[in-house]
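Q: One-letter residues, chain by chain:
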Amino acid sequence: MIKPVIYAVALRNLLGHLRRTMLTVGAIAVGLSALIFLWSFNDGLHRNMLQNFQDAIIGSIQIHHEGFFERPELSRHLRNPDKIITTVEQAGVKRWSRRLEAFALAASDETTEGVMLIGMEADREPGITDLEKRISIGRFLREDDEYACILGATTARNLKLDLGDPVIMIGYDRFGALVAEEFTLVGIITSGEMGLDRGMALTNIKSLQEMLDMPGGVTDIVLRAPEDGIQQLTDELIFALSDENVEVMPWSTMFPVMNEWIILHDGFLYLFLVVVLFIVLAGELNTMLLSMLERTREFGIFMAIGTERYEIGLMLVFEALFIGLAGTLLGIIFGTGIVLVTHSTGIDLSILLGSTSRFYVDSLIYPHLNLDHLGTTVGAILIASIVAGLYPAWKASRLQPVEAMRNV
Amino acid sequence: MIQPDNSSAIITVKKLHKCYWVGSMPFPALNGVNLSIDRGEFAVLAGRSGSGKSTLLNVIGALESADNGEVIVNGENILGMNHTERTLFRLHNIGFVFQSYNLIRVLSARENIAYVCQLQGMEKKESEGNADHWLNEVDMGHLGYRRPDQLSGGQQQRVAVARALATNPKIVLADEPTANLDTKTGQKLMCLLQQLNDKFGTTFLISSHDPDVKNAASRLIKLADGQVVRKWEKIPPTTPPLSKACPIKNLPFTQRVRQFLRDKRKRSSQKDKKGPTPRRS
Ligand SMILES: Nc1ncnc2c1ncn2[C@@H]1O[C@H](COP(=O)(O)OP(=O)(O)OP(=O)(O)O)[C@@H](O)[C@H]1O
Ligand SMILES: [Mg+2]
Chain W
1 MIKPVIYAVA
11 LRNLLGHLRR
21 TMLTVGAIAV
31 GLSALIFLWS
41 FNDGLHRNML
51 QNFQDAIIGS
61 IQIHHEGFFE
71 RPELSRHLRN
81 PDKIITTVEQ
91 AGVKRWSRRL
101 EAFALAASDE
111 TTEGVMLIGM
121 EADREPGITD
131 LEKRISIGRF
141 LREDDEYACI
151 LGATTARNLK
161 LDLGDPVIMI
171 GYDRFGALVA
181 EEFTLVGIIT
191 SGEMGLDRGM
201 ALTNIKSLQE
211 MLDMPGGVTD
221 IVLRAPEDGI
231 QQLTDELIFA
241 LSDENVEVMP
251 WSTMFPVMNE
261 WIILHDGFLY
271 LFLVVVLFIV
281 LAGELNTMLL
291 SMLERTREFG
301 IFMAIGTERY
311 EIGLMLVFEA
321 LFIGLAGTLL
331 GIIFGTGIVL
341 VTHSTGIDLS
351 ILLGSTSRFY
361 VDSLIYPHLN
371 LDHLGTTVGA
381 ILIASIVAGL
391 YPAWKASRLQ
401 PVEAMRNV
Chain E
409 MIQPDNSSAI
419 ITVKKLHKCY
429 WVGSMPFPAL
439 NGVNLSIDRG
449 EFAVLAGRSG
459 SGKSTLLNVI
469 GALESADNGE
479 VIVNGENILG
489 MNHTERTLFR
499 LHNIGFVFQS
509 YNLIRVLSAR
519 ENIAYVCQLQ
529 GMEKKESEGN
539 ADHWLNEVDM
549 GHLGYRRPDQ
559 LSGGQQQRVA
569 VARALATNPK
579 IVLADEPTAN
589 LDTKTGQKLM
599 CLLQQLNDKF
609 GTTFLISSHD
619 PDVKNAASRL
629 IKLADGQVVR
639 KWEKIPPTTP
649 PLSKACPIKN
659 LPFTQRVRQF
669 LRDKRKRSSQ
679 KDKKGPTPRR
689 S
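Respectively, the protein sequence lines represent chains W and E. Just so we're aligned, residue 1 is where the first sequence starts under our numbering, counting upward by one. Just so we're aligned, residue 409 is where the second sequence starts under our numbering, counting upward by one.
If you're looking for bench data, these hints aren't it; they were derived computationally from the structure. Treat the hints with caution; some may be incorrect.
As the list claims (entries may be wrong) - To be clear about the criterion: a stretch of chain E counts as covered by chain W if any three or more of its residues have a C-beta under 8 Å from a C-beta of chain W, and this derived list gives those stretches:
1) 508 to 520
2) 524 to 534
To be verified - Ranges between beta-carbon positions, derived for each pair:
3) W:383 / E:489: 35 to 43 Å
4) E:576 / W:11: 22 to 30 Å
5) E:476 / W:386: 40 to 48 Å
6) E:488 / W:4: 30 to 38 Å
Glycine included, every Cβ here is placed at the ideal spot set by N, Cα and C.
Generate the whole structure from the sequences, applying the supplied hints.
A: Okay, structure coming up:
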């Protein structure tokens, strides 16, 4: 049985050395709130990046004919697009769009350049991507456009094309026969992202179907879903479409590099967490050891008048626990406070990044509090601060009363 | 030599040896100490600096172990105990008064006393009542809320005395309790200790250089080089005349002691002169 007076004395020790207690608590709080903020900033950045990445062109999930992603050939077009769309809608997805994709050679009077020619549904596409917003010159596709075309800024420059100029697209239909059509350039995309500005041409799906002689032909169905529901939706669709010969691919499968980049980034934060943990641990260990050494004589007295070893140890562990809890609590309050404020105002990175986005990162970032990461951080700091109390507690409990009392 | 009477002895020490090791050099601090102290005695341990007084008190108080010999305190063999047993033995049997007061800094006078009571298992409320009682007993009732650094040395030592007695110990061990106090305060403290010894019958064993303290003893044990070199027998009870030795309280026991000493001195001086024995008026 632990005597309550031990806790009372521990509390007295904390209050009796208020300045030191506050400093240690403050150090933990600062470390923790910095971590909470950084992690939230990181999470906000990732969310923003993933959002922009999916918004750019690929969407959250794509459904193709089996093997199309590996080798995008027209023969691998979707056999039953209408049925797939019914299934998708049944799964509760409202934001979907059909696409028809084919390699083509874009030719101007000057030169040629290979492009991926994507036929899109002009009315549905803005629900999936923000291509419409990235048009720098001209306009986005309209439903009633015939053989209208949008190019990335780099491709347009290479081809020396201006708005309204004709572009010849040369390709193969699904039987391998050469086909060609004249398109009119109605818009130019400037995004800052390599994949969009170069090697891509957009047109109406109808025009492309006509050109390739594939009425109703569809190679991709692109879906947009909230980030945290993507995996579940994917599994659901794979199950529901198991009879169809299709592949259901979330963005992370199509572009694992992006996912790895995020994992790497999180890894850096874990590293940072370890560094902060180490600082907290060392800082508190230092305080607790100092306070233990400073009180050696007093521990001798405590023992002389009948306090048992384990009670001395408990006293110090309780002090460390209190400091850890108080520091953690304050850290949570500060940290989440900063995150909440910056979450509503956003953090402007334009000084660092310039005003255009780079690698799918906007210049205004909204930190986002991820509860998993909050839990990890808080748990780690709390444990570290308690661990820091164990060694001094053990040391103190090993003291010999007479020797300890000889200490001045 | 007085043979220890084991039936009434509360402390019995036989052939006690203890060496300190400084590096590989043995440093004998106790060299075969034999002594016995009866219940309710007010014994004083005298001897020069380095004679082993503190060491002996620490061993008897189960604060330190020894190398050889036997120490029986209140019927228990101290030297055979482990760390925890010794701690609990101290808690329930011994009250300590140290030269440098040794109160807990962060606790008030009252809390210092209540702390040991609570260690003994007393409830908080009860322990506080007990603390107040003992503060009054040492005339510190009005300053119980102060922390040690807000008290004078003499006041701190009174609180320490109250703390030593609050656990109702069988023995109070005091290692030079007056050494840090001025003469007058030291005298007052000794009066207090004697009064408490008288009132509660607690056995006291006090080490000191102070002649005042030695004069107050019911038994004096003198140490030199870790050995008992001289023991005084108990002072026979005498009828006390009025004395001004204890200015704060009228203490029959102290008065008796002082009277006894005065008589003894007179007697010995007369023996020297070989003159007629004068009578007390
Ligand atoms: N921790 C120690 N290490 C080595 N030697 C010690 C230690 N403690 C005491 N001694 C030695 O043991 C002997 C007895 O010491 P002790 O403290 O018991 O003397 P004392 O009679 O209390 O002296 P004082 O009147 O100065 O307090 C001394 O010679 C001292 O030097
Ligand atoms: Mg000493």
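Q: Now look at each hint and say whether the structure bears it out.
A: Do the hints match the structure? See the list:
1. 508 to 520: Satisfied; 7 residues make the cut.
2. 524 to 534: holds (count 6)
3. W:383 / E:489: 35 to 43 Å: Since residue 383 of chain W and residue 489 of chain E have Cβ atoms about 37 Å apart, the given range 35 to 43 Å holds.
4. E:576 / W:11: 22 to 30 Å: 27 Å, holds
5. E:476 / W:386: 40 to 48 Å: This hint holds: roughly 44 Å between Cβ atoms.
6. E:488 / W:4: 30 to 38 Å: With Cβ atoms ~32 Å apart, the hint holds.
In summary, this structure violates none of the numbered hints.
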